[in-house]
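Given chain R's structure and the hints, the job is docking chain Y onto it.
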Amino acid sequence: MQRAGPVRAALLITAKDLRQRLRDRSALLVAVVAPLALAFALGVTITSFSAGSQTFHLGLVDLDHGPAASGFSRAAKGTPVKLQNAGTPARARRLVKNGKLDAAIVLPRGLSAATLGGTPARIDVIGDPNNSIGTLVARSFADSYASYVRTIAVASRALGADGEATIEVAGKVASAKPPISLGDVSTTKKNLDPKTYYAAAMAVFFLFFAVQFGISSLLNERSEGTLSRMLAAPIPRRSVLGGKAMTSLALGLTSMIVLALTTRYALGAHWGNPLGVGGLIVCAVLAATAVTALVTTLAKTFEQANAWLSIVSVVLGMLGGSFFPVAQAGGVLATLSKLTPHAWFLSGLQDLSSGGALSVIVEPSLILLAIAGVCGALALVRIRRLVEP
Amino acid sequence: MSEPVLHCEGLSKRFGDIRAVNGVGFEIAPGESYGLLGPNGAGKTTTISIVAGLLEADAGEAIVAGRRLTTKSVSAKSAIGFVPQDLAIYPDLTARENLTFFSRLYGLSGKKARGRVDEVLEIIGLSERAGDQAKTYSGGMKRRLNIGIGLLHAPSLLILDEPTVGVDPQSRNAILESVEQLSSQGMAVLYTTHYMEEAERLCDRVGIIDRGELKAEGTREELVAMLGEHDKVHLTGSGHLEAAAKACTGIAGVQTASIGDESIELLVEGASAVLPQILATASEAGVAVHRVEVDEPNLEAVFLHLTGRALRD
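Taken in sequence, the protein lines are chains R and Y.
Those letters in the first sequence? Residues 0 to 388, by numbering that gives the first Met the number 0.
Those letters in the second sequence? Residues 0 to 312, by numbering that gives the first Met the number 0.
Pulled out of the complex, with its shape left as it was, chain R reads as follows (with noise of 0.2 Å):
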């Protein structure tokens, strides 16, 4: 009598299975489409939020009409702002309101002669409060102008120098080069730039979509009786198990390296060095599967499963740091967040991202293993139940 060894029946189920799941798309859209538009979308959404990205458009209501005003245009040189002449504050309250301006900035009349005076001005900004964000930048940069002035009057005042001479430094510092910059030397990692960040937190939240295409299929196997089929064919059960934990691993792995490919070419993603991404990714499927393995056990019908699977998925992204880093809010999120595989993962590409050895994914990678075998273990232990008609 001829029959199929354990290994290729193994292999046939899991041929067997992607077949199907490419036929139906839900893999594909699941897997690959998905995760791909999110990490676009938010990728994109935050990066526009990053200092340098964005240009500022506000505007500049000169009633002063004197030095105080250049030096004004020239600190606004090789800053994010762009100044452009607003006329009078109706107009200018106008273009904010409009959109067509972030928000403005009065210069009082009065404030040079304020200024080489030495007596109090104040300079006002006009913002939307829709536009948070553009007001802020007006504040900072009208706070920071003033700070400059004041500073250097303060020493101008102390070298005997006039006002006029004053404002003119004030601009130049303004828009000079700091002389000293600050690096980031601290115990903290660098965080990954928000495309990377994205890309990597939304690959890995649909990684656990991915695999429940595996495993948990065996309860839809059971009750549409094809299970039965083929626990009655001459194969181990052992195999039946098998190409059904393949399946998870095969999407898993083609999902992320699809993800990580895509990413990296069209978004421009930095994942870091493509064998320390493979360990990681590797060690994340892994540990995907066998949390998805364990949560079926638990279910009993396939609709259960499902229902389980997306809220445990779902609680693990955002706890993993899948929509913004938990782990900086601190206290108890942050401790939760280590029990789960997204973070550490998003830990290790941090790492490596940053210019990391290989050597830094070792810490991750284990802890994703240790993830792997104990929720795998467990799963084990209960899964002789998912092998029965």
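It should be emphasised that the hints constitute simulated quantities derived from the structure, not laboratory data.
For every residue, glycine included, the Cβ atom is placed at its ideal position computed from N, Cα and C.
A few of these clues could be false.
Claimed, not checked - With beta-carbon atoms standing in for the labels, derived distance ranges:
1) R:R18 x Y:S126: 41 to 47 Å
2) Y:R200 x R:A306: 43 to 49 Å
3) Y:G285 x R:W307: 55 to 61 Å
4) Y:F14 x R:K337: 58 to 64 Å
5) Y:E127 x R:A36: 38 to 44 Å
6) R:I256 x Y:Q132: 25 to 31 Å
7) Y:T218 x R:S25: 33 to 39 Å
Frame of chain R, contents of chain Y only:
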């Protein structure tokens, strides 16, 4: 007699407090069709599941083609073709893909697998639609594909678990013809049904199963002979049927009486002698009899005789 393809003895299975199968044993010879006849919940599917290697029996043993069958016995399973009651096919795969997948699980490969898939497609009449996804098939076509999968490796024993449930009459007839053909080609068939007509038409021997126990087995003639000189009397009428049936059981010569759809079914000894008394009793109980039929006993009558209830109960 040649060595049986299937020998099972003392099969028992409990699910919690429920004794689903209790000491069931029977044999099937090569080329023989054996029917397990019983109502829903009688233990047919549990017996089949043990014999197909899906469930482990609590007690007893099953031997298929000389090999002891358990859920782990890969070699014994090679001799079995299993057709479950549900449509166990992948709707999003084509008929050819469904057949190819299962043929490979049964160890066929390459040209041999392709050739056998083509043969089976021919047998089940799906050659022309082989490339279409199964979800586009009619109910009858899906049923035929469901059976075809069980034939792929030309098994010594084909197990069919109520393959005609929920099937239209035309498809049902096609399925029965297929089974007759396979049986005539020398394949042993184990067929479960709760349709008496199917058991009578298809099966060389029938086992009557009820409440997990095999009550009797034999050819149709042997089983009917158990009833002796009994006739089946069928009264169609209206009124207090239950009271009338109860009253009729008190008549000498009436063995059993059961209520059907506006009818009473009785198993009687010497119908011609007892019939007047039956009609009188029915009338006294308030039943207006519209029609009387007296038949030769059949397997349904045997079931009634053995269990005291009708197959459809």
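Cross-check of the supplied hints:
Between R18 of chain R and S126 of chain Y, the C-beta spacing of about 21 Å breaks the proposed range 41 to 47 Å. In this structure the hint that R200 of chain Y and A306 of chain R lie 43 to 49 Å apart at CB holds, the actual value being about 46 Å. For G285 of chain Y and W307 of chain R, the Cβ-Cβ distance of about 58 Å falls inside the hinted range of 55 to 61 Å, so the restraint holds. Distance hint check for F14 of chain Y and K337 of chain R: the Cβ-Cβ separation is about 44 Å, which falls outside the suggested range of 58 to 64 Å.
The beta-carbon spacing between E127 of chain Y and A36 of chain R, approximately 42 Å, falls within the hinted interval of 38 to 44 Å. For the hinted restraint 25 to 31 Å between I256 of chain R and Q132 of chain Y, the CB-CB distance of approximately 29 Å keeps it satisfied. Distance hint check for T218 of chain Y and S25 of chain R: the Cβ-Cβ separation is about 52 Å, which falls outside the suggested range of 33 to 39 Å.
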